[in-house]
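Chemist: Now for the letters of each chain:
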Amino acid sequence: MQTQLNAATPLTTSSETFLLRLYVAGQTPKCVRAFENLKRICEEYLAGRYHIEMVDLLQNPQLARGDQILAVPTLVRRLPEPIKKIIGDLSNTERVLVGLDLRPARRPGS
Amino acid sequence: MAAQQELAKSPTGIQGLDEITNGGLPFGRPTLVCGGAGSGKTLLAASFLLNGIVEYGEPGILMTFEETAEELASDLASLGYDLGKLVEEGKLIVDYVRVERSEIEETGEYDLEGLFVRLEHAVNSIGARRVVLDTIESLFAGLTNPGILRAELRRLFRWLKDRRLTTVLTGERGDAALTRQGLEEYVSDAVILLDHRVQDQVSTRRLRIVKYRGSHHGTNEYPFLIDRDGLHVLPVTSLGLLHPALKERVSTGVPRLDEMLSGRGYYRGSTILLSGTAGTGKTSLAAHFVDAACRRGERCLYFLFEESPPQLMRNMLSIGIDLQQWVDRGLLQFQADRPSRFGLETHLASMQRAVAKFEPSVVVADPVTNLLTVGTHSDVRWMLTRVIDYLKLGSITVLFTSLTPGSRELEETDAGISSLMDTWIMLTIAEQNRRRRRWISVLKSRGMAHSDSVREYMLTDRGLSVLDSEPDTRGAGKAMAGV
Numbered sequence: 001m002q003t004q005l006n007a008a009t010p011l012t013t014s015s016e017t018f019l020l021r022l023y024v025a026g027q028t029p030k031c032v033r034a035f036e037n038l039k040r041i042c043e044e045y046l047a048g049r050y051h052i053e054m055v056d057l058l059q060n061p062q063l064a065r066g067d068q069i070l071a072v073p074t075l076v077r078r079l080p081e082p083i084k085k086i087i088g089d090l091s092n093t094e095r096v097l098v099g100l101d102l103r104p105a106r107r108p109g110s
Numbered sequence: 001m002a003a004q005q006e007l008a009k010s011p012t013g014i015q016g017l018d019e020i021t022n023g024g025l026p027f028g029r030p031t032l033v034c035g036g037a038g039s040g041k042t043l044l045a046a047s048f049l050l051n052g053i054v055e056y057g058e059p060g061i062l063m064t065f066e067e068t069a070e071e072l073a074s075d076l077a078s079l080g081y082d083l084g085k086l087v088e089e090g091k092l093i094v095d096y097v098r099v100e101r102s103e104i105e106e107t108g109e110y111d112l113e114g115l116f117v118r119l120e121h122a123v124n125s126i127g128a129r130r131v132v133l134d135t136i137e138s139l140f141a142g143l144t145n146p147g148i149l150r151a152e153l154r155r156l157f158r159w160l161k162d163r164r165l166t167t168v169l170t171g172e173r174g175d176a177a178l179t180r181q182g183l184e185e186y187v188s189d190a191v192i193l194l195d196h197r198v199q200d201q202v203s204t205r206r207l208r209i210v211k212y213r214g215s216h217h218g219t220n221e222y223p224f225l226i227d228r229d230g231l232h233v234l235p236v237t238s239l240g241l242l243h244p245a246l247k248e249r250v251s252t253g254v255p256r257l258d259e260m261l262s263g264r265g266y267y268r269g270s271t272i273l274l275s276g277t278a279g280t281g282k283t284s285l286a287a288h289f290v291d292a293a294c295r296r297g298e299r300c301l302y303f304l305f306e307e308s309p310p311q312l313m314r315n316m317l318s319i320g321i322d323l324q325q326w327v328d329r330g331l332l333q334f335q336a337d338r339p340s341r342f343g344l345e346t347h348l349a350s351m352q353r354a355v356a357k358f359e360p361s362v363v364v365a366d367p368v369t370n371l372l373t374v375g376t377h378s379d380v381r382w383m384l385t386r387v388i389d390y391l392k393l394g395s396i397t398v399l400f401t402s403l404t405p406g407s408r409e410l411e412e413t414d415a416g417i418s419s420l421m422d423t424w425i426m427l428t429i430a431e432q433n434r435r436r437r438r439w440i441s442v443l444k445s446r447g448m449a450h451s452d453s454v455r456e457y458m459l460t461d462r463g464l465s466v467l468d469s470e471p472d473t474r475g476a477g478k479a480m481a482g483v
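One line per chain: the protein sequences are C and L, in this order. Going by this note's numbering, the residue at position 16 of the first sequence is 16; the numbering climbs one at a time, nothing skipped. Going by this note's numbering, the residue at position 340 of the second sequence is 340; the numbering climbs one at a time, nothing skipped.
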């Protein structure tokens, strides 16, 4: 790993399409907030190359097992691989970007 | 015992555990099982669940946070459970919940509704009545917000109770508290603590019920065993002194010894101690008793702590007692163990297991003094008390032989355990006229007028033979032992 990373360099190439799945459980404020935050972040950073799929676990409880869903809301980045998970209402944009590999993770302690 | 308002119970099907809990775990409520690594938590929880399915027709959910379904299945297969089959039959769901901190980014508020949904879906799809969460503490390692976790755990336990699901959750033993994450504060109904100690290279497993709200339970530490058939708890201390006192008598196998015991031998269901120095024929006398019992068609279980069964049978054949025939007919079973192989509790446990399996009417432990090498005197006494309580409850007659080191301290050495015995027979050797002569006497025999004479006996090729008594002192000399 010789590549120097800095905060401005995206970790993924700009051609990749993001396949995102947001797991919610009903229309709770947390879940609604998560969707809004996600939509906003995608528009800003992934315009034109993302696809969001919503899964309501109250409707499709059997889907929780497959993606190892525990917390709600959970955002799963299914593509590009590897699969990534972000839990919570996605209110901290920086952390969402880190979770989606759109920003390098800060080193521990910083 | 007075009539009591007991809670509804869910039997675990674990031998012994249902006895000390008066019927099982609290129905429709969570029970916490905690213990260190390798203490048997998962096995206990899984046994509760699988026995529930197989024996009580209650489908179950096994939510595992540590082992994958495949790992669990292979662990439990070695104990005879076929998880795959139960899953296929729609009676069991094994859900492996993977919590890996490195794979999860947290941002903002969340709850564990996903876990609830998963559990609810599983419960609904097979109509589960029992749930195991093994071990839910793993959540604390995977998620960073303990505040959310604690609130959600509280919600989870309420949720389980509302649905009247009998639940076992396991927890890792903590240093200060029962569990690392203080799970015990959420579970107010029942807490079971498992312990695995290795002392002097002897391993002992113990189980204790720390808490059981609204129910009577034994508070002692109970030894338990994990063997090929699963987990077994030994509830013996709870038995107390409720055993019946039978009037029926059984022959000692030596007619003249019967005579010394008011003409009719030992009481059935009593405890007999045969003490003597080396070479007095304790084992021979025990073999006579076994032989007589087998002739009556009764089953005998013989615990050997010194010799091997073939060696013992050869020696007994030399005095005309053929034990092999009883082994062949399935009436006699030997269990030979080196005392040093296990701790006392494990001996106790394995003895009890053997008794429960073979259902003998006579048990011999030869020589019981060898167990002294395993524990302290008081520990051995404690163990014997438990064995005896257990056997007496089943009206099993038990004979212990005791090797006394020197002729002087005979009675002293046995003093510790003799009070547990109903009948105490002493065998001695004394040199007289350049011949070693053997003497037998009944030191005590509760509930009967026994002979107080000391009579000579010989070991012949037709067994142990008590000689005609010297001037008989019976009548005037009859002793009535303390009852």
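If you are wondering where the hints come from, they were derived from the structure by calculation, not from laboratory data. The C-beta atom is built at its ideal place from N, Cα and C for all residues, glycine as well. Some hints here could point you the wrong way.
[To be verified] To be clear about the criterion: a stretch of chain C counts as covered by chain L if any three or more of its residues have a C-beta under 8 angstroms from a C-beta of chain L, and this derived list gives those stretches:
1. 39-45
2. 63-69
3. 84-96
[Said to hold, decoys possible] Far from chain C by the CB rule (all over 12 angstroms, computed), these chain L residues:
4. G13
5. D95
6. V99
7. L112
8. T144
9. K247
10. Q324
11. L459
[Claimed, not checked] Quick list of simulated restraints, FRET-style, between CB atoms:
12. I52/C / D227/L: 36 to 44 angstroms
13. A47/C / H196/L: 57 to 65 angstroms
14. G80/L / V32/C: 49 to 57 angstroms
15. T93/C / H196/L: 28 to 36 angstroms
16. R40/C / K85/L: 31 to 39 angstroms
17. M54/C / K357/L: 57 to 65 angstroms
18. R158/L / G66/C: 52 to 60 angstroms
19. G80/L / R40/C: 52 to 60 angstroms
20. T93/C / G80/L: 53 to 61 angstroms
21. P29/C / E103/L: 21 to 29 angstroms
22. D379/L / Q62/C: 27 to 35 angstroms
23. G57/L / A47/C: 22 to 30 angstroms
Chemist: Hint by hint, work out which the structure violates, then give me just those numbers in ascending order.
Modeler: Violated hints: 1, 5, 6, 7, 8, 12, 15, 16, 18, 22 and 23; rest satisfied.
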